[in-house]
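*Asks:* Sequence:
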Amino acid sequence: MAAAQIDAKLLEEIEKYIKENKVMIFSKSRCPYCVQVKELFKSLGVDFYALELDAIEGGDRLQQAMGKKAGRRTVPQVFIEGQHIGGCDDTMAVHKSGKLNSLLKL
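Numbering (the UniProt record's numbering), first residue to last: 1 to 106.
Rather than coming from a laboratory, the hints here were simulated on the basis of the structure.
A portion of the hints provided could be inaccurate.
Unchecked claim - In silico BS3-like pairs for lysine-lysine, Cα to Cα no more than 25 Å straight-line: (1) Lys22 - Lys105; (2) Lys19 - Lys69; (3) Lys22 - Lys69; (4) Lys99 - Lys42; (5) Lys69 - Lys9; (6) Lys38 - Lys16; (7) Lys69 - Lys38; (8) Lys19 - Lys9; (9) Lys96 - Lys28; (10) Lys9 - Lys68; (11) Lys38 - Lys28; (12) Lys96 - Lys22; (13) Lys16 - Lys68; (14) Lys28 - Lys69.
Nothing here was measured: the structure is a model prediction, and the numbers come from that model.
My request is simple: use the sequences and hints to build the entire structure.
*Replies:* Here it is as structure tokens:
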């Protein structure tokens, strides 16, 4: 399979996760920034789906494809209602500004 086909398939998989989950976090289980973001959503009582890229087969390839979708490969990458919020610092800034509650419709 050509690299472009693989990339397209991975991007489709990423899109599927984003569409199926109101709050989607692409994460790694031992990443402190990922833990911080997940704890934030837990503290707000918000359901989320965290895909632990270090715990699934092909997670490294999904992370590379994330670079094309989100513009960066770092984790976490947070999406709310299909909208890319960003990483940990971005998510915390949106929370501090008060915009996170409106995005989550809290």
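*Asks:* Indicate, hint by hint, whether the structure satisfies it.
*Replies:* Now the hints, each set against the structure:
1. Lys22 - Lys105: Roughly 11 Å between the alpha carbons, so the hint for Lys22 and Lys105 holds.
2. Lys19 - Lys69: holds, 13 Å
3. Lys22 - Lys69: holds, 17 Å
4. Lys99 - Lys42: holds, 17 Å
5. Lys69 - Lys9: holds, 12 Å
6. Lys38 - Lys16: Distance of about 20 Å is within 25 Å: holds.
7. Lys69 - Lys38: It holds: about 21 Å lies between the C-alpha atoms, which stays within 25 Å.
8. Lys19 - Lys9: holds, 15 Å
9. Lys96 - Lys28: Holds, at roughly 24 Å.
10. Lys9 - Lys68: holds, 12 Å
11. Lys38 - Lys28: holds, 11 Å
12. Lys96 - Lys22: Holds: Lys96 and Lys22 sit about 20 Å apart, inside 25 Å.
13. Lys16 - Lys68: holds, 15 Å
14. Lys28 - Lys69: holds, 18 Å
In summary, this structure violates none of the numbered hints.
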